[in-house]
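Visitor: Here is how the chains run, residue by residue.
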Amino acid sequence: MIKIALPAGDLRTPVADVLSGAGLHVEGYGEGSRQYRLATRGRDDVRVRVFREKDIPIQVALGNYDLGITSLAWVHEIQCRFPQQPLVTLGDLGIGTGRIVAAASREHVSSIDNIGSLGRVRLASEYPNIAESFARSARLAHYRVQSVWGAAHAYPPEDADVVLLNVTDDGFLPEHGLVALLEVLENSAWVIGNARALAEKDLRSVLDALLEAAGDRAGSHRLRLPAPIAARANGQGAAVPREVLRMAVPDGHQQRHVHEALQVAGLEFDGYGEKTTVRRPESGIEGLEVKVVRPHDMPQLVATGDIDIAITGRDCLNEHLYQFPSSPSYEILDLQRAQYNLSAVVDRELPADDLAGALEYWRSEGRTALTIAAEYPATADHYARSRHFWRYRVIPIAGASEGFVPEDADLLIEGTETGRTIAENNLKVIDLLYRSTTCVITRRGAEFCGKQQEVFEHLCGTLAKASGSA
Amino acid sequence: MSESMRSRGMRDMLPPEMERFRRIEDAFRKVCLGWGYREVRTPTIEHMYLFTAAGTLSPQMLDGVYSFLDWDGWSGERVVLRPDSTIPTARLFAENLAGEKPAKLFYVQNVFRFQQGDDTREDWQCGVELIGATPPQGDVELVMMALEVLERLGVKPSLKLSDPGILRAILNQAGLAQPEQIGVYDRILGGDMAALDELQASLPGAPVLRATLSVEGSGAAYLSSIRSLLSPVVADVTAPLDELSAVCEMLSGIGIEPAIAPLLVRDFEYYTGPAFQLFAGESKIGGGGRYDALVAQIGGEAVPSSGFALDMEALLAIVGDHAGDDSSISIRCEGGGSSADAFALAVALRQRDFVVEVGGTSTRGRHIVVSGEGFLVAVNGSQPRKASTVDEAVAAVSGG
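Protein chains in written order, with our numbering: chain P, -7 to 462; chain B, 7 to 406.
Hints should not be assumed to be uniformly reliable.
What the hints assert, rightly or not - To spell it out: a stretch of chain B is covered by chain P in this simulated footprint if at least three of its residues, at any positions, have a beta carbon under 8 Å from a beta carbon of chain P; those stretches are:
| id | stretch |
| --- | --- |
| 1 | 64 to 75 |
| 2 | 82 to 91 |
| 3 | 263 to 272 |
As the list claims (entries may be wrong) - From chain P, some residues computed to sit far from chain B (all C-beta separations above 12 Å):
| id | residue |
| --- | --- |
| 4 | ARG114 |
| 5 | ALA206 |
| 6 | ALA222 |
| 7 | ALA295 |
| 8 | ARG383 |
| 9 | CYS452 |
Quick caveat, the hints were computed from the structure, so don't treat them as lab data. Since the structure is predicted, the reported quantities are computational estimates derived from the model, not experimental observations. All C-beta atoms in this analysis are idealised placements derived from N, C-alpha and C, irrespective of residue type, glycine included.
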């Protein structure tokens, strides 16, 4: 059996086309499809599973899949941190092309050599391991890397000095006031393989087709990291005092709920609609700056003092606090919107109705280690520790989670609203971790100046109305 | 048990190994205290950025550090399990002891570096840092201390000297910009000698660098030859060769004749002046050198500094087991013997610095049987002697 991991999301259609062209017809894979486990026409020896791109290098490195197709950037993201992993890049498919660039606000940093003069450098990226390699290669004397779930381009200059991000459109950086400092990688979709599978399995029947599709492209697949940059010795970077209060509101699935809550509270931010978003909406309140970022990134921004008040999900806050228990971020108000349960989920065929029963069953089967898949790995880790699991490992995943159990994981930590998706995927809930809702968070011990305090109290007061109305 | 529960690259130390560990540590501590050094210990976890700036660790070493986001890593700053002890000690000096010059410090502590396969990833070091002392006396003092420790352990090492200033002078002469110099220097620190070949074209008239610098010679004669080969084409090489000559001369004056190996230094960017390594056969057992820029780099004042560390892992492999007398005494109860009597005797013997094991089963060496009729004391297979009281039993053991 040859096991292949294919990407969900934007790459579905071009990858499906490439595969068809190479004679591999994966049934049900293509635009609009939400199936995770697929068959290949006329090839009973091929098993296909669909993952988020980010998860594919991990699955191939683990040996769960022999071959995969994903963006090269996600391969480097794992190899920068774990260079010993048995991952091999085999061929460039020339689709899903883009560039990973290091960029900065064009008004603050004109070239990469200026970074050293900043003292403490703040880097933000969806690719934190590449960003870490960037900082080390530049031999930055003092830096921090903020791992973000997305919208990295919204961070400079207030919340980051340098961002590493994937750019697919030449107009993207200028449009957001950014300038490219260094092109770090030519990004595109690549065929990758597990080194042990290549050594031990005959993959030729699939490899021939995939590599023919890859052709003979001459582009570089290596990271281009910066040369050492002259640094200001032991620079701390002068903190600039500000007088405005900074607030973050979420994009994504929370946006609709938060927009509604703001309306109930009588707050209207120009540029932040039910579906429309600009990154820096006008608050209409003197002394209040608003920014739209991913809800997952808000607890950290609040903890570092970059943002003073934010509306996010309790799931995001808890994940942050499980990872960083001493963080000063905390919940001040429950808006009681976008409610869902975070649950422990297993295969429906598992002969147990609760966690105790499931653990007992696994032990009776002689299982020495359990695999837990979770989009919130710190939460999953805390759950496994507090429930006294024996030996376990947590696989962080980016999505497409319902397909992990039972083949690739024993247990899934998953958000459930109605339970319908769970049932449709032959899964069942065996434990409830907690109920998540939208909440307002701030920083413990924050010292606001007079105007900031005034705006903060006004916001808390008005948002409380939205809480009561839910 | 089919699969070890021990984490890969970590090791258990069993009693015989711990005995050797303590012998090495004791010899090291005695020498350090004897030379007027004071013991310190730095934290296991340090900020990652201490080790990332140019002039600290090479990229190859940084690739193998155990780094992670601590529980308060929401700031985005990573921490590491210390991969090196010199940089943390320089930080300790800069933050706590800046007024005390020279600071003579030593430590016995572990460092963590990722290694392939089952090679140990936790190494113990016996290290010394001399911060604020005048070179070359400071360098020579450290070499003498290291040799004295090894002599106490019965190890006869060979000593090799180098100076990274030679290589830096060559890179400078080759016209490389500062970032390129760091890059090439790091390649050579990582063992990539082809980097030297690439410099050759930029240094017309220079000897074949890889061949010349790979030769190991001895003392003043070899230094003189190197000077003759390099100084006509590498302007800045005079200063490091002068430094090295001064150290060689002082060592020679006290009867120590080192070998000279120009490309000796690996992995550590922070060395700025004479460096040395110690070998037992082919095995490297320690090394150190001058790091005059490091303390200033991490926020302290610029002070001349040097240090060395002995590698416990290598020493454990070559230092033999101690074959001293077994001074332990075993006490056991038989035939109505009272445990209270056994413990009372054990306390009395321990007050006289005997090692006493109650309930032991050994009948070799010294052992005492406590019965209803008193004590039977047997020493090294001799005929047991009777004793009626604890004091008589203690006297029998001491006399025996």
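Visitor: Are the hints correct? Go through all of them and say.
Guide: So, going through the hints one by one against the coordinates:
Only when three residues or more bring their CB closer than 8 Å to a CB of chain P does the claim for the stretch 64 to 75 of chain B stand; here the count is 4, and the claim holds. Residue count for the stretch 82 to 91 of chain B with a Cβ under 8 Å from a Cβ of chain P: 3. That meets the three needed, and the coverage hint holds. Against chain P, the stretch 263 to 272 of chain B contributes 0 residues with a C-beta closer than 8 Å to a partner C-beta. That does not satisfy the three-residue criterion, and the hint is violated. A beta-carbon of chain B is positioned within 12 Å of the beta-carbon of ARG114(P); the least distance is around 7 Å.
Non-interface call for ALA206(P) relative to chain B: holds, since the shortest CB-CB distance, roughly 29 Å, exceeds 12 Å. Remark: the non-interface label on ALA222(P) conflicts with the geometry, its nearest Cβ contact in chain B lying 7 Å away (cut-off 12 Å). Not every CB of chain B is more than 12 Å from the CB of ALA295(P) (nearest about 4 Å), against its label as outside the interface. In this structure ARG383(P) is not separated from chain B by more than 12 Å, as the shortest Cβ-Cβ distance comes to only about 9 Å.
Chain B leaves CYS452(P) outside its interface by the beta-carbon criterion, the shortest separation being 23 Å against a cut-off of 12 Å.
Comparing the model with each numbered hint stated earlier shows that hints 3, 4, 6, 7, 8 do not hold.
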